[in-house]
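Enquirer: Below are the chains, spelled out letter by letter.
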Amino acid sequence: MAQKVVDAVKAKFGDAVVATSSEHGDEVITVKRDKLLAIAAFLKDDPAMSFEVPVFVTAIDLAHWQPLGRRGAPDEGTRPAYDAEASDGLRFEVCYQLRSLKHRHRLRVKVQLKETDTKLPSLTPLWAGFNWQERETFDMYGIRFDGHPDLRRIYLYDEFVGYPLRKDYPKDKRQPLVRRPDLVGDH
Amino acid sequence: MADLKTLVLGKKDIADLDTETEMPHELMTVNMGPSHPAMHGTVRIVLTVDGERIVKGDVQPGYLHRCFEKEAEHATYTQIFPYTDRLNYVSPMINNCGYAMAVEKLLGITHRIPRRAEFIRVIVSEISRVTDHMTCVGASAMELGAFGPFLFLLKAREWLYTLLEEVSGARLTHSYVRVGGVGKDLPAGWLPKLAARLTETEAALAEAEQMLNLNKIFRDRMAGVGALSREDAIAWGQTGPVGRAAGIDYDVRKDHPYSVYPEFEFDVPVGTTGDCYDRYLVRVEEIKQSIRILRQAMAALPDGPVMIDDGHVALPPKAEAYNTIEGMIRHFKHIVDGIKVPAGEAYTFVEGGNGELGFFIVGDGTGRPYKCYVRSPSFVHLSTAEKIFKNHLIADIVPIFGMINMIGGECDK
Chain H
1 MAQKVVDAVK AKFGDAVVAT SSEHGDEVIT VKRDKLLAIA AFLKDDPAMS
51 FEVPVFVTAI DLAHWQPLGR RGAPDEGTRP AYDAEASDGL RFEVCYQLRS
101 LKHRHRLRVK VQLKETDTKL PSLTPLWAGF NWQERETFDM YGIRFDGHPD
151 LRRIYLYDEF VGYPLRKDYP KDKRQPLVRR PDLVGDH
Chain Z
1001 MADLKTLVLG KKDIADLDTE TEMPHELMTV NMGPSHPAMH GTVRIVLTVD
1051 GERIVKGDVQ PGYLHRCFEK EAEHATYTQI FPYTDRLNYV SPMINNCGYA
1101 MAVEKLLGIT HRIPRRAEFI RVIVSEISRV TDHMTCVGAS AMELGAFGPF
1151 LFLLKAREWL YTLLEEVSGA RLTHSYVRVG GVGKDLPAGW LPKLAARLTE
1201 TEAALAEAEQ MLNLNKIFRD RMAGVGALSR EDAIAWGQTG PVGRAAGIDY
1251 DVRKDHPYSV YPEFEFDVPV GTTGDCYDRY LVRVEEIKQS IRILRQAMAA
1301 LPDGPVMIDD GHVALPPKAE AYNTIEGMIR HFKHIVDGIK VPAGEAYTFV
1351 EGGNGELGFF IVGDGTGRPY KCYVRSPSFV HLSTAEKIFK NHLIADIVPI
1401 FGMINMIGGE CDK
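These protein sequence lines map, in sequence, to chains H and Z. So the first sequence is numbered by the working numbering: it starts at 1 and just counts up by one. So the second sequence is numbered by the working numbering: it starts at 1001 and just counts up by one.
Be a bit skeptical, because a hint or two may be false.
To be verified - So the derived list for chain Z, only partly shown, Cβ under 10 Å to chain H, looks like this:
id, residue
1, 1051
2, 1074
3, 1232
4, 1302
5, 1338
To be verified - Simulated pairs of lysine-lysine, DSS-like, Cα-Cα distance not exceeding 27 Å:
id, chain 1, residue 1, chain 2, residue 2
6, Z, 1390, H, 4
7, H, 44, Z, 1333
8, H, 167, Z, 1254
What the hints assert, rightly or not - Stretches of chain Z that chain H covers, calculated by requiring three or more beta carbons in the stretch to come under 8 Å of a beta carbon on chain H:
id, segment
9, 1165 to 1179
10, 1212 to 1223
11, 1286 to 1300
Since the hints were made in silico from the structure, they are not lab data. For each residue, glycine too, the CB sits at the ideal point set by N, CA and C.
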């Protein structure tokens, strides 16, 4: 259904679209980071697109990504296993899910990020609803959104060290809350 | 400046409240929560107030964060059902169904779920929606001082909880739905009981409505308070009763139909002003529409199995598990390794009690999800609270908060 959208974005932005896929009826486009804002603005404002509703933001940490196929054999079909040694290894995929009320189509926009450079432009100026969602993604994965009006932790406390939903954060790790006056601001 | 009389009579016009030229004033910070008697759910609000008027309300969720997503990454697909119960704990059945549908989408078995199971899912989901809205309306009314309607609605809610308990074995944390169907069939003689209870529920709702709809105090506290325009509601991603009260004609059951919902006739109530009173009216109407769906589903409930016939997804029958070695091994592998879900990702969303409830699951071919994200409507709705609170009075927080219906478990995950 949203295949038309994918084609339109590809036709307009060409190289900026890294990959497209359609899995289980969900259309996904992966775009280059420096073109994210332009593509997002096009998706929101173009009348044929009109993705006016922000649905969610999250990230996928590919650090332990080792997909298995049938009977436990490595899966060659989907995205390859993550190689931490490779200098161009893309560890994070930030996902923005959008929906159009007018055309009833849906689209997931993805941006891939390296472990050492987890910054991307914030889409909060375009969709106000992404404000808390981006804060959550920052809180859980340490993705930094440039231009976000208020990028603070949302579920956890400011003193928390690390990002709990990253794959290298142990599930059973405990962090008692020790107040640090220097972190207690006016909020 | 408006005189005191206008203020007391409830004219909450912002311009009237501008006291700047008349009185010396300074901003004050007031802490509300995380545990506050007039708010259901643990959330902290740091208010910057100018007298009684809110200049800024910094809403800080997270006091109920139980690491749903981290836990889910370490649990098998079946073990996650109890966690989903604890997201929106007023309508756990809808969470169960939404999560099961996401896994089924990844497995590619969405169209092979037995029809009886789909109907049962619709029935339990709609009962959950009724209990969810009743809790919201009842508790909000109580917070505004109307204790009677709260008791009427909670009485009816308890009837429905008892029915769900008969089905699942637990009053609140049902864990009733399974990947591929539902845990067990409805008990004998359950449907007539439900039919009788629905009639009584309608009577209880009518009683509560009689006490609230034209109640002067209730209307003064709700009407014109916490309004959100349609444009803002869209930009902030509002769905469910909050979005519909603001005039967004969007219901997942109608716009992106799932399960057997296209077979039922029901209306989607849409408000005009987007204020708290509209949210209340939308919820009340949705209870009636849910009862309408329930009656149709009960009449059309087909016979047949309630679990998919697929050894890959369903547990083997008990007789087989206890008497044959193959059955035993399958049972063991199913429990220990979990259902093998092929690598891939899928986003599935259903109409939850509060709005679009979505599960975004990434599978990697093992029995545990690589990632399990939940798009919780409460979290999205609560994020607008700061915008809504602005220029309202401190006392208005109570109805606004009640009608956003933030559920701590769902919001904080």
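Enquirer: Please go over all the hints and tell whether each is borne out by the structure.
Expert: So, going through the hints one by one against the coordinates:
| no. | hint | verdict |
| --- | --- | --- |
| 1 | 1051 | violated (20 Å) |
| 2 | 1074 | holds (6 Å) |
| 3 | 1232 | holds (8 Å) |
| 4 | 1302 | violated (26 Å) |
| 5 | 1338 | violated (13 Å) |
| 6 | 1390(Z) - 4(H) | violated (41 Å) |
| 7 | 44(H) - 1333(Z) | violated (47 Å) |
| 8 | 167(H) - 1254(Z) | violated (38 Å) |
| 9 | 1165 to 1179 | violated (count 0) |
| 10 | 1212 to 1223 | violated (count 0) |
| 11 | 1286 to 1300 | violated (count 0) |
Hint compliance for this structure: hints 1, 4, 5, 6, 7, 8, 9, 10, 11 are broken, all remaining hints hold.
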